[in-house]
Each structure stands twice: as C-alpha cells, then as structure tokens.
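**Q** The lines below spell out each chain.
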Amino acid sequence: MLSLLKRIAKTGIVTEPAPGTDDMRREIDRLQDEVLNILGRALTIREVDAGSCNACELEIHALNNPYYNLEGRGIKFVASPRHADMLLVTGPVTKNMENALKIAYECTPDPKLVVAVGDCGCGCGEIGRLFGPNYATVGPVEAVLPVDVKVPGCPPTPIALMQGILAAVRTR
Amino acid sequence: MRFHAEPIEFTRQPGVGAPIWRGQTADREDWLRFAISVHRHAGRLCALWGSDERCSGGGFRVHAVFALDEGWPYLTLDLPADDPVYPDLSGIFAAANRMQRATYDLVGIRHDGEDRRPWLRHGGWPADWFPLRHDANHPPAHENLPSDYDFVQVGGEGAHEIPVGPIHAGIIEPGHFRFTVVGERVLRLEQRLGYQHKGIECRLASADFATGARLVGRVSGDSTVAFCWAYADALEAACGVTPPPRALALRALLLERERVANHLGDLGMLGNDAALAFGLSQFFRLKEDWVRLNAQVFGHRFLMDSIVPGGVAVDVEARHLAAIVTQCESIGRAVKELQRIYDEHSGLQDRFLTTGPIDARLVRELSLSGMAARAAGVLLDARCHRHGYAPPPPWNRLAVRPASDERGDVAARVAVRFAEIYEYLRLIRLLAADMPAGEIRGTVEPVAGAAGVGIVEGWRGEVIVGVQLGADGKIARCHPHDPSWQAWPALEHAVLNDIVPDFPLINKSFNLSYSGQDI
Ligand code: SF4
Numbered sequence: 001m002l003s004l005l006k007r008i009a010k011t012g013i014v015t016e017p018a019p020g021t022d023d024m025r026r027e028i029d030r031l032q033d034e035v036l037n038i039l040g041r042a043l044t045i046r047e048v049d050a051g052s053c054n055a056c057e058l059e060i061h062a063l064n065n066p067y068y069n070l071e072g073r074g075i076k077f078v079a080s081p082r083h084a085d086m087l088l089v090t091g092p093v094t095k096n097m098e099n100a101l102k103i104a105y106e107c108t109p110d111p112k113l114v115v116a117v118g119d120c121g122c123g124c125g126e127i128g129r130l131f132g133p134n135y136a137t138v139g140p141v142e143a144v145l146p147v148d149v150k151v152p153g154c155p156p157t158p159i160a161l162m163q164g165i166l167a168a169v170r171t172r
Numbered sequence: 001m002r003f004h005a006e007p008i009e010f011t012r013q014p015g016v017g018a019p020i021w022r023g024q025t026a027d028r029e030d031w032l033r034f035a036i037s038v039h040r041h042a043g044r045l046c047a048l049w050g051s052d053e054r055c056s057g058g059g060f061r062v063h064a065v066f067a068l069d070e071g072w073p074y075l076t077l078d079l080p081a082d083d084p085v086y087p088d089l090s091g092i093f094a095a096a097n098r099m100q101r102a103t104y105d106l107v108g109i110r111h112d113g114e115d116r117r118p119w120l121r122h123g124g125w126p127a128d129w130f131p132l133r134h135d136a137n138h139p140p141a142h143e144n145l146p147s148d149y150d151f152v153q154v155g156g157e158g159a160h161e162i163p164v165g166p167i168h169a170g171i172i173e174p175g176h177f178r179f180t181v182v183g184e185r186v187l188r189l190e191q192r193l194g195y196q197h198k199g200i201e202c203r204l205a206s207a208d209f210a211t212g213a214r215l216v217g218r219v220s221g222d223s224t225v226a227f228c229w230a231y232a233d234a235l236e237a238a239c240g241v242t243p244p245p246r247a248l249a250l251r252a253l254l255l256e257r258e259r260v261a262n263h264l265g266d267l268g269m270l271g272n273d274a275a276l277a278f279g280l281s282q283f284f285r286l287k288e289d290w291v292r293l294n295a296q297v298f299g300h301r302f303l304m305d306s307i308v309p310g311g312v313a314v315d316v317e318a319r320h321l322a323a324i325v326t327q328c329e330s331i332g333r334a335v336k337e338l339q340r341i342y343d344e345h346s347g348l349q350d351r352f353l354t355t356g357p358i359d360a361r362l363v364r365e366l367s368l369s370g371m372a373a374r375a376a377g378v379l380l381d382a383r384c385h386r387h388g389y390a391p392p393p394p395w396n397r398l399a400v401r402p403a404s405d406e407r408g409d410v411a412a413r414v415a416v417r418f419a420e421i422y423e424y425l426r427l428i429r430l431l432a433a434d435m436p437a438g439e440i441r442g443t444v445e446p447v448a449g450a451a452g453v454g455i456v457e458g459w460r461g462e463v464i465v466g467v468q469l470g471a472d473g474k475i476a477r478c479h480p481h482d483p484s485w486q487a488w489p490a491l492e493h494a495v496l497n498d499i500v501p502d503f504p505l506i507n508k509s510f511n512l513s514y515s516g517q518d519i
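Just so you know, the sequences run in chain order A and B.
The first sequence: position 58 = 58 (our numbering), numbered continuously.
The second sequence: position 455 = 455 (our numbering), numbered continuously.
Possibly wrong hints are sitting among the right ones.
[Unchecked claim] Output of the computed footprint for chain A on chain B, the stretches with three or more beta carbons under 8 Å from beta carbons of chain A:
hint	stretch
1	38 to 49
2	172 to 180
[Claimed, not checked] For lysine-lysine, the following DSS-like pairs were computed, each having C-alpha atoms within a straight-line distance of at most 30 Å:
hint	chain 1	residue 1	chain 2	residue 2
3	A	K10	B	K336
4	A	K10	B	K508
5	A	K6	B	K336
6	B	K508	A	K76
7	B	K508	B	K336
8	A	K112	A	K102
9	A	K76	A	K6
10	B	K508	A	K102
11	A	K76	A	K112
12	A	K102	A	K76
13	A	K6	B	K508
14	A	K76	A	K10
These are computed hints drawn from the structure, not numbers from a lab.
Just so we're clear, the structure is a prediction, and the values are computed from it rather than from any experiment.
Cβ atoms here follow ideal geometry from the backbone N, Cα and C, with glycine treated the same way.
With the hints as constraints, model all of the structure from the sequences given.
**A** Structure (structure tokens):
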C-alpha cells in the first residue's frame, strides 16, 4: 500500500492539456466548460464498434489515460445507449452489425448526437475507400445513421477525437 | 522431405522467414492421414482456408498449415469442381471446426462432418452465394435480417441462460456470448462471432502488393506489425526476395515495440477489471509515452504501414535509437515498481489466482499458441531456439528467452506479461545497439502464379498469412490468420466453474481479437 501511495505521489498529475500549441491547450481546457454550458451537465457517450479493426478503439481507450483524462473532464463512457447523449461509432458498418447498431441508435434518447470515427467510419481517404461497401459491409456510419460529426484518421489521434466530440456538442 | 513416413513429399519454402514445408495432394485419405500423424506427434493445426482454382483449370483447394517441431508443414488438397467435399478434421483438431465452417461460408466447399452451422455468415448474404468464388460478382439482392443461431442447449435443474452482446458494456469489439449458469457459476459458454466480418479476403483478391499490405495491416489493429511482416514474408518467399539485414532488424524492433504496447495496455486493464483503477492510469500513462515515441520515430502511434513487401518503409536515425534505449530503461523501471505493487496487492491477487485456468493438455488439444499457451506451461515461441529449427533472422542472433508459467490462470497470464515486457525491452535495446547499416528496402517483382506463406510470432501468438499470386502477378488469394481463432475456444473452457462476474477479467487476460478472427 505504501509503495502504491509513493508511486501516486511520484507520478503527480500528468494530465496535460498539452501536446500541441497553446491554442490546443485552451481548446481542451474549454471542453468541459462548453459541455456544461451546452448540455447543463456532464456528457455521456456510448461507444459502438460496428466493424473496426480495433485500433480506433485503442485510441478511444487512450482518451481515459491521465494525459487526456476525459472522464476527469466530465465526459463519461457509459455501458448502455439508454444513458447516452452521444454515440461514438467506429468501423465500416458490417452487415453483421447493422441491426445491432440501429437498435443502439433507437435506444439512445433524443436529442442524440452521432460521431463517426476513423477513415472507415467516415468513408474517407484511401482506407475509407479500401473498406467501402461490399457483400459484408454496408458502408460508412452515415450509410446507416444520421451523422453529426466525422473524425477521420486511421486511427484518429486522441486529440482529434476530443476535437470531434467537442465539435459535435457545439452543433447543439 | 517426408514427415513420419507419410507418403506426401514436402519441400522447404525458400527465403529467410520461418521454416515452412510445402506439400500437396489430391488424395483425401492422405489429407486425413497426415492430420492424424501430426496430431500423434504432438503437432498443431495452425490455419485452414479454401480457394477457388477453377479459373486456372482446377477445381477447389483446401489449405492447411500445421506445426511440428521441425517447422510448419503447409499442405494443400485439390478437390474436383463438381465434388468439393473434404474430410472433417475437427475430430482430430478441435480448432478445425470454426475454420471449416468459415471456409464453407466464404468458398462453398464443405467438410464431411456434422457441424454445418454457418460461422461468419449471419444474415447478410444468401446461404447459396459464396463471396470468394471467382464467379461470385455482386451479391444478389438480399434482406439483411437478424439470423437465428443454433446454440447448444443445456438442460438441468436451475440452469438458465444469459445472452451477452453483440454490443458489450465497455469500449470493446462486438461478439455474442451465451452463458449457461447455475446460480452464479458458469456451466457452459458458447461464443458466436463474426460480427466484425468485413470481407477482407474478398477485398484482397486482385489487389496489388501495396494495397494488400494496407489491408492486411488492418486485420487486427493491435497486431498490425505482425500481420504486415507475415504478409511481407509470404510475398518475399513467393517472389524470391531477401530483405536487407537492416530491414529485418527494424522489423524485429517494430514487432517488439508492438508487443510492449499491448502488454502495457493489458496490464492496466487487468488491474482495472480487478478494481485497481490505479493500475489502469499508471499503465496507460506508460503506454501513452510508448506510442508517442512510436509516432515521433516511425510516424504512427501503432506503427501501421511501417513494414512493406521487400523491407520497411521507415528508417531510424541514430538519435532516435538512443531515445528508444533511454525509454526502455525508464519504462522498465516503472514496470518493475508497478509489478511490486501488483504482487503485493492482496485484493488483486485474490481475483487473479486460480481464476480462469487452462492447462497444458487443453492447450495442445486446441492447438493454442503464444502468450496464453506459455502461461499454461507450453513453451511455444517462433523466435526462440527451443524448437527443431533455427529461428529466422534476426532472432537467430538474439537468443530470445521466452517466459512461461505453469499455472494457466489469470495470475499466470499477468505474470507472463510482466516477464515478457522485461525480455522485450532487453531485445529492443540489443536491436537498437547493433543495428546493421545499409538499405531498408528491396524491390519485390511479382512472379505470376507464385505462392508463399509467412509466419510471425505476434504478441498474442502465431500470425500466419498465405498468399497466392495470379497470372497477372496480382494477389489472387490471400488468407490472413489471427491466433485468436485457436484461443477463443480456450476462453470457453477457461470460464467453466468460475462465476459470471469474473468473465470480464478472464476475457481481458486473454484479450483476443474479434476483428482478426472475423476478418
Ligand atoms: S479507420 Fe483505421 S484504425 Fe480505424 S477501424 Fe478503420 S482501419 Fe482500423
């Protein structure tokens, strides 16, 4: 236990509104304020992997590491779409996930936001083209759901994801 | 070369990759007998797939990669176009079951066994349409309705079912788990996977080499280096190209960096799933530092597209090698400290010890490879000197020391991850200190009709890519195989008799790929 506390003390607070410019820092710091202003409370996100390679998920996981500390900023990932303000959807939507994705969307209370993540989910760039519709996939997220904001990248960086989430909140 | 006096003649695949022995037959009896003989000699079934050869005047073909102590026999069986049925291997190797069912879903060639349930096809395309046939063209109009699946029913007093998924509670890939429980205790788990199936093999057909690399590098995002290396190995063997020594050393450096990144993330998640959120934030911080250096040195946080046929796409400068060595030292120190905390934390150990066990017998029965096999006392690692072959370069000059543990439970998979991190850090330091000079990439000229197989020890286990080129020199058929195919059934066994709330922890201790198996 003692070593655990020591380790915590040694690590200190690494949460950085850092890497990047001062603009970026201010941008991330504003995130929580903006979310609170617009929604009047914390933002809840249900992540749905509708066919990704899992690298997009690795970056979404990274959002909760101490550097980005999304939960600490009042943005929480929740287990059920019924508790969510936003769906964060990755992958070229597979035929085998199409129905489950639609159900998750229907279960999310209005007004809801949808953010498409990754070149596959957005249908952009070379990767979006390589993972375009075929016998097994329906296409990008917007082929199935109305999408508010797209976050391209293969995978998008945590910073890009944070900006995308903020951009979606701003549309309200 | 013949294995165990079986009639099939095998020849060693050229090239510097893992030792692969190619053989072929058109005799279904030979196929069956060879599989039995591999099993009798404690071998494994590593991969199985099908192809349509009717364009080139043949019928259909089944491909299997086995493992023996001498290396990997790669056997193909030719089937007539009008009777594409082959002997069921699932009675010999349990791992054959799902691979054979997937082969039917995609190519329409059938094994002669009992289990005819679809595996990758849910309701998205018609049952009599096969995407990997040359004449498949576009799928016929078809309504994508949710499909039923014939789960094995378990009766008995007090037994009830808990269906979970495909969408799970966390940020995780989709899959369906059907638990049969009595009280809290798990009597049976049956998985239904395939939700991530995105037709990658179909996308690979007629791709050029560069496009193929991008696709294969996205079969399973956490193993992109291993897949790209296996793919490059396969093409280089097919086209008779040897990558320059610097490229091979850089590939190894990239692969070890991929392993460390995954282990750091998993150790954090495992702490978290056992209620130590401290572990998650500490390990995720280390992982973030690690992948940031990846981005700085190699241009991508997860190292995607770094390995290309012929060599590597990125070179490293001396100052970057120095930064890599320094980072290994600091990460190594931090992990040691965290390991002490994990080891001394009675709450964690209580959750880890004896939870989710598998034993060496089961490992063999399921043809399991990699980290989970080593954590159950089966020391398989294609990079080390313990087998009946010399490991491929650059491993042959590194003397890899594989970690293992006899216990086979979550605690063992945690312990092996810790031990492996130290070893990987040592290997990275060795590679960085002794990086050969010279070119990083040769050209790979396509050889029409050539074929090759590449095998790389990824962080989870054996990653295999089989490639067949067409008359135009482009990819005719490419099959990427993730070790999760073999490991998913092990998870079904590991949860038996544990309680449902332990499932997330046990699942995370394997951390298998859905996308890699669903392709
Ligand atoms: S965008 Fe890239 S990282 Fe994300 S799912 Fe697609 S291939 Fe994977």
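**Q** Does each hint fit the structure? Answer for all of them.
**A** Quick rundown of the hints versus the structure:
no., hint, verdict
1, 38 to 49, "violated (count 0)"
2, 172 to 180, "holds (count 3)"
3, K10(A) - K336(B), "holds (15 Å)"
4, K10(A) - K508(B), "holds (28 Å)"
5, K6(A) - K336(B), "holds (14 Å)"
6, K508(B) - K76(A), "holds (21 Å)"
7, K508(B) - K336(B), "holds (21 Å)"
8, K112(A) - K102(A), "holds (13 Å)"
9, K76(A) - K6(A), "holds (28 Å)"
10, K508(B) - K102(A), "holds (27 Å)"
11, K76(A) - K112(A), "holds (15 Å)"
12, K102(A) - K76(A), "holds (22 Å)"
13, K6(A) - K508(B), "holds (27 Å)"
14, K76(A) - K10(A), "holds (27 Å)"
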